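K.L.:
Okay, here's what each chain looks like letter by letter:
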Amino acid sequence: MNRETVDHEHDDPELERRLLERFREGDAAAFDRIVRLHRLAVYRVARRILGSHDDADEAAQETFVRAYGALAGFRGESRLRTWLIRIALNVSRTIGAARGRTAVLDETAEPLDEREGADAAAGRAEAGARVRSAVASLPPRQREVVLLKVFSDMTYEDVASAMGLTVGAVKAHFHQAVSNLRRRMTRGTAGGEAR
Amino acid sequence: MTIVDCAEFESALADLLAEPGGAADDRRERLRRHATSCDRCRGALGLVDLAAAPAESRDPIPDPGPGYWRGFEERLAERIAGPTRRSSRLRLAFWGAGAIAVAACCALALLVPRRAPSGAVTAAARPPQVVAPSPAQPPHPAPAPALAKAPAEAAGARSGVRSATPPPPLPVDVEAVEEDDLADASVLGAPPDPFAEADEAALFPSVDDLSDDEKKRFADWLALEEERVRRGAV
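As you go down the protein sequences, you meet chains E and G in turn.
Using my numbering, the first residue of the first sequence is number 14, and each one after it goes up by one.
Using my numbering, the first residue of the second sequence is number 10, and each one after it goes up by one.
No lab work stands behind these hints: they were computed from the structure.
Note that the structure is predicted; figures quoted are calculated from it, not measured.
Hints may be right or wrong, so weigh each one.
As the list claims (entries may be wrong) - Computed Cβ-Cβ distance ranges for the label pairs, DEER-style:
1. G:W78 - E:A182: 30 to 38 Å
2. E:A42 - G:E234: 45 to 53 Å
3. E:E34 - G:R240: 45 to 53 Å
4. E:T179 - G:A64: 18 to 26 Å
5. E:R49 - G:G241: 36 to 44 Å
6. G:D24 - E:P153: 38 to 46 Å
7. G:D34 - E:P152: 19 to 27 Å
8. E:A110 - G:L120: 55 to 63 Å
9. E:R49 - G:A116: 24 to 32 Å
10. E:A182 - G:A64: 34 to 42 Å
11. G:R41 - E:R49: 39 to 47 Å
12. G:E234 - E:G39: 37 to 45 Å
13. E:A41 - G:G76: 38 to 46 Å
14. E:G89 - G:L117: 21 to 29 Å
As the list claims (entries may be wrong) - Chain G stretches covered by chain E per the calculated footprint, using a threshold of three residues with CB under 8 Å from any CB of chain E:
15. 16 to 24
16. 48 to 60
17. 70 to 76
Glycine included, each C-beta is placed from N, C-alpha and C at the ideal position.
Sequences are here, hints too, so could you generate the full structure?
P.N.:
Right, here's the structure in full:
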């Protein structure tokens with residue numbers, strides 16, 4: 014399990030409202046608390062898009078620097094976490110474009126389940142690597158939708174808000190992405206479809 | 010119920026992947042059965058497994074750990090504080106330059122009355138200089154504008170004062186000038202010496218006679234000049 018230790022808190026709208034209020038009143042500690050609540054989610058989104066720890070670190074830093082400058086004007090039209098992820102997406106796209114590459118989940122290891130045998134773990138790791146490779150080959154929008162929907166466990170509404178799209182568009186991207194993933198993963202296996 | 014259609018498989022797979030917390034066993038088994046028996050979908054077994062996994066284990070990215078986060082927060086605090094410190098320094102430099110400019114203006118204001126006696130008129134109000142042409146040498150029809158106007162305009166532009174004084178007519182016909190006369194450039198209608206006593210009032214009009222806008226422009230110019238001098242540009 015690599016979920017945030019403060020998992021239960023980042024979904025607390027009341028806490029979010031209080032922290033924003035304190036921040037607007039000039040309480041610097043409120044921003045520190047916001048960072049602690051959402052830093053892992055922001056880091057993970059950046060790392061999924063950029064692929065490396067160093068790039069994700071840079072993106073997460075930049076995300077919070079920008080958030081600090083804009084937080085006073087945050088109107089609460091979406092959840093704070095969604096807003097931060099939207100910034101992280103934009104920053105990651107910019108960094109990815111500057112680096113001239115996008116790599117998805119390519120340097121991360123599958124979490125091991127101690128209960129399963131070595132063969133099963135190896136098979137699962139291989140299947141996971143094939144999924145990651147297929148996700149990395151998707152068009153950018155579809156890739157981001159899959160990363161946020163499947164790996165970040167966000168709702169369609171939150172993904173739409175984070176990406177600046179409508180819910181319908183997100184669903185369409187998602188279904189198209191799954192279709193592409195199926196085809197791409199099948200193409201790489203013996204006896205797969207030839208198209 | 011068995012999935013027989015690849016499109017149905019795709020749709021069910023998308024629904025399951027979108028569900029937080031993984032798929033129910035029976036739905037996952039139906040997907041798995043189709044994938045293992047269908048050449049077109051076999052490669053997607055990894056996606057079926059992914060859909061079956063609980064949300065928290067779908068994400069293979071580990072938490073970098075408390076040591077990393079401590080450093081992260083320290084660097085973030087530095088970055089956030091950085092621009093504030095920089096802007097403080099900029100503000101200080103700005104007000105410092107402003108203070109220098111104001112001091113320079115005051116010094117100038119003290120100097121001007123001594124150079125221009127009371128009752129001195131501004132450049133705008135001064136009558137044009139009239140140089141009587143020699144009877145033997147008819148006045149030059151038209152002075153070269155750039156040559157004649159340059160100093161006055163430059164002085165006006167720098168000081169923010171527009172001089173209404175027309176350029177002085179050339180005192181002599183250039184063609185009639187003897188070679189020896191070239192030693193004295195003024196006879197060719199060369200621009201008057203800007204530091205000549207007669208033009209001091211035009212060059213250094215009394216600050217009291219300037220409008221607010223002119224005073225502001227003059228102060229701005231002075232600040233720029235100070236800055237250029239400070240940087241060694243002049």
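K.L.:
Each hint: holds or not?
P.N.:
These are the hints, each one checked on the structure:
1. In this structure the hint that G:W78 and E:A182 lie 30 to 38 Å apart at CB holds, the actual value being about 35 Å.
2. A C-beta distance of roughly 48 Å is found between E:A42 and G:E234, which places it inside the suggested range of 45 to 53 Å.
3. The hinted window of 45 to 53 Å between E:E34 and G:R240 holds, with their beta carbons roughly 47 Å apart.
4. With their beta carbons about 24 Å apart, E:T179 and G:A64 fall inside the hinted range of 18 to 26 Å.
5. Against the hinted window of 36 to 44 Å, the Cβ-Cβ separation of E:R49 and G:G241 comes to about 50 Å, which falls outside the hint.
6. As the Cβ distance of G:D24 to E:P153 is approximately 23 Å, the hint placing it in 38 to 46 Å is violated.
7. Our hint of 19 to 27 Å for G:D34 and E:P152 is violated, since their Cβ atoms are close to 33 Å apart.
8. For the hinted restraint 55 to 63 Å between E:A110 and G:L120, the CB-CB distance of approximately 59 Å keeps it satisfied.
9. E:R49 and G:A116 have their C-beta atoms about 57 Å apart, which leaves the hinted 24 to 32 Å range violated.
10. The hinted range of 34 to 42 Å is not satisfied by E:A182 and G:A64, whose Cβ atoms lie roughly 23 Å apart.
11. A hinted range of 39 to 47 Å holds for the C-beta pair G:R41 and E:R49, which are about 40 Å apart.
12. Distance hint check for G:E234 and E:G39: the Cβ-Cβ separation is about 41 Å, which falls inside the suggested range of 37 to 45 Å.
13. A C-beta distance of roughly 23 Å is found between E:A41 and G:G76, which places it outside the suggested range of 38 to 46 Å.
14. As the Cβ distance of E:G89 to G:L117 is approximately 55 Å, the hint placing it in 21 to 29 Å is violated.
15. Restraint check on the region 16 to 24 of chain G versus chain E: 5 residues with Cβ-Cβ distances below 8 Å, three needed, restraint holds.
16. For a cut-off of 8 Å, the count of residues in the region 48 to 60 of chain G with a CB near a CB of chain E stands at 11, and the three-residue condition holds.
17. Note: the region 70 to 76 of chain G has 4 residues with beta-carbon separation from chain E under 8 Å; the three-residue rule is met and the coverage holds.
Hint compliance for this structure: hints 5, 6, 7, 9, 10, 13, 14 are not met, and every other hint is.
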